[in-house]
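Each chain, written out:
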Amino acid sequence: MAKKLGLKERYALLTRGLDWETTYQPMDAVFPYDSYEGIKIKDWDGWADPFRLTMDAYWKYQSEKERKLYAILDAFQQNNGQLNISDARYLSAVKLWLQGITPLEYAAHRGFAHAGRAFRGAGARIACQMQSIDELRHAQTQLHAFSHYNKFFNGFHGFAHMRDRAWYLSIPKSFFEDAMTAGPFEFVTSISFAFEYVLTNLLFMPFVSGAAYNGDMATTTFGFSAQSDESRHMTLGLEVVKFMLQQHEDNVPIVQGWLDKWFWRGYRLLGLVGTMMDYMLPKKVMSWAEAWGIYWEENGTALFHDLGRYGIRLPKHHEVAAKEKQRLTHEMWTVLYQYGNALSLHTWVPDDEEIAWLSEKYGATFDTLYKPRLLFLRAAEQRGERYYNNRLPMVCQVCQIPIFYTEPDDPLTQCVRIVEAAATRHHCCSDGCADIFNHEPMKYVQALIPPQQIYRGEAGGARDIFEYAAWLHLERDVDTGEYRGSPDQKNWDAWQEAHKTKPANAA
Amino acid sequence: MSTRHLGERYEYLSENRVEQYGGDINIYLRWEKHLMFACPSAYRVPTAMRLGDFLEQMLKPDYAAHPDCAALDFTRCQWKLDKAPWQPDFDKSIADNGVGHMSYIEFHAPGLDGVDGIGY
Ligand SMILES: [Fe+2]
Ligand SMILES: [Fe+2]
Ligand SMILES: [Zn+2]
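Sequence order for the protein chains is A and B. The opening position of the first sequence corresponds to residue 1 in our numbering, with each subsequent residue numbered one higher. The opening position of the second sequence corresponds to residue 1001 in our numbering, with each subsequent residue numbered one higher.
Extracted from the complex, chain A is given alone in its bound form (with noise of 0.2 angstroms):
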């Protein structure tokens, strides 16, 4: 008998060796998909993955993972971890996460199924499938650990009926479906490349991190968990994104068209994570302005700049990201403040140590700019005038985020770009939103924009914010609106009473 063969030999034979040339059909017609984006290969084999790992390995990891998470999670659980965490406020970011982020993970498990059916080549093909295997992972594991607090506080019971109706959930929903509905490459390029290797410090980094400041340890542990797998695919980004670069020159200008792209996307998308680092969490672990700092301006640059013997540069509108970072997170956060009517989160003005923060955090610009607005919340609601917004707001076709994002180079003045396709005008956020739109139009005019939407009454008829709030199936000023007030910090008051009162013996 032949001697067993090692981890790299059997690698070797799982993707060089069990594939084969089609003879019935055409490898072109088995395989239309990753041809028709434009990009060349004239190589399949000279993909390579530097993880190696045989579906075997594979499982045995991942079951050795699963284990140990669980058992945590059990603890968690049986332990009351709920009564742990830092302040009940801090479950907004838990919210938006399981309402924003997990439903991601599963989108990102049926885009990776697809495209690695559609790559011919087996490497391409075996990353895809494990990776897909982990984004389904991903979704169950954070689904398990968030329904612990599912018992105890409002706003995390409608996440899948919201994800296809709510507005700021299109913003995540819009990006994946963006991606999902491109080819392999420009998916791949787009989510592991963009999203998960140069910008995903900036989502796990923070919210892991955040998680374990807060005394959250049921997301802590599976954002560990979920790690090592984000390596693997953060590895097959770059290994795609050099793969086509060396494959043939052709492929430059579309890879760099993509890289634009799904820069200025993904930023967008960020500005959620941003708030919620700024404003959500009660400890905080760094300001977004500091985060964008390292892991952009210096991880994300030195990266681009690598790429130049590519002939790779850096991607377009990165000039305004700079501009927009001490702004970015206050804006946004009174957006979310001021539509609170129709989001299944609660939202509040920062307290006197947390405006002391940002203050030192963001200088002059959040002093002159920003705070004298919260305080002119805080004053309002003081006077039982707590401030919403229930008109519908203007969206932007391409990032489906509201446009409240100011000229780069005046914070007073909202940024709209009027562009125009199959005969109608559209609105965009900025530049960057507004080339894609211009790259693509005929991809964008099909977007449904939530506020567009009720007005052509499809969202269950409602015809205004609050019977589109009851569409969403939440409760308002339960789910919804202020955390003064709210029965989460009701409850929290009473818990943390209970708590501290509780006689030691009976710990």
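Fair warning: there could be bad hints in the mix.
[What the hints assert, rightly or not] Examples of chain B residues toward chain A, derived with CB under 8 angstroms: (1) 1014; (2) 1015; (3) 1017; (4) 1057; (5) 1104.
[Stated by the list, open to error] What the simulated footprint calls covered on chain A by chain B, stretch by stretch (three residues with Cβ under 8 angstroms from a Cβ of chain B suffice, anywhere in the stretch; the number is not a length): (6) 381 to 390; (7) 411 to 422.
Keep in mind that the hints were calculated from the coordinates and are not lab data. Bear in mind that the values here come from a model prediction, so they are computed numbers and not experimental data. No residue lacks a Cβ here, since even glycine has one placed at the ideal position from N, Cα and C.
Since the structure of chain A is provided, determine the placement of chain B with the ligands on it from the hints.
Frame of chain A, contents of chain B with the ligands only:
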């Protein structure tokens, strides 16, 4: 520029085309230097409505929470329609003023620069 695609053609109607509004149109407005209203506001309006009626009856109540609202006088404002300077006639209808589906109106009220003059 166009989307690369498989199959013969890749052409669509706009999801938000005017035919979807049963004779009404979808328009957008922004009061400059009043960022308390973070985004331009969206309306569905009948084209035959008198512009002045729309402004007084539909638009103004939305701004009631703002301390500047009481002093807002539309006849003294400076106007832009789809980013070009514009002189509206409040007695005429929305359509007769040249406001169309997906139009974007901006107005500035001289002397009203937001809470404490900070554009909010
Ligand atoms: Fe994931
Ligand atoms: Fe991933
Ligand atoms: Zn946009």
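When the structure is checked against the list of hints, which entries are broken? Sort them ascending.
Hint 4 alone not satisfied by this model.
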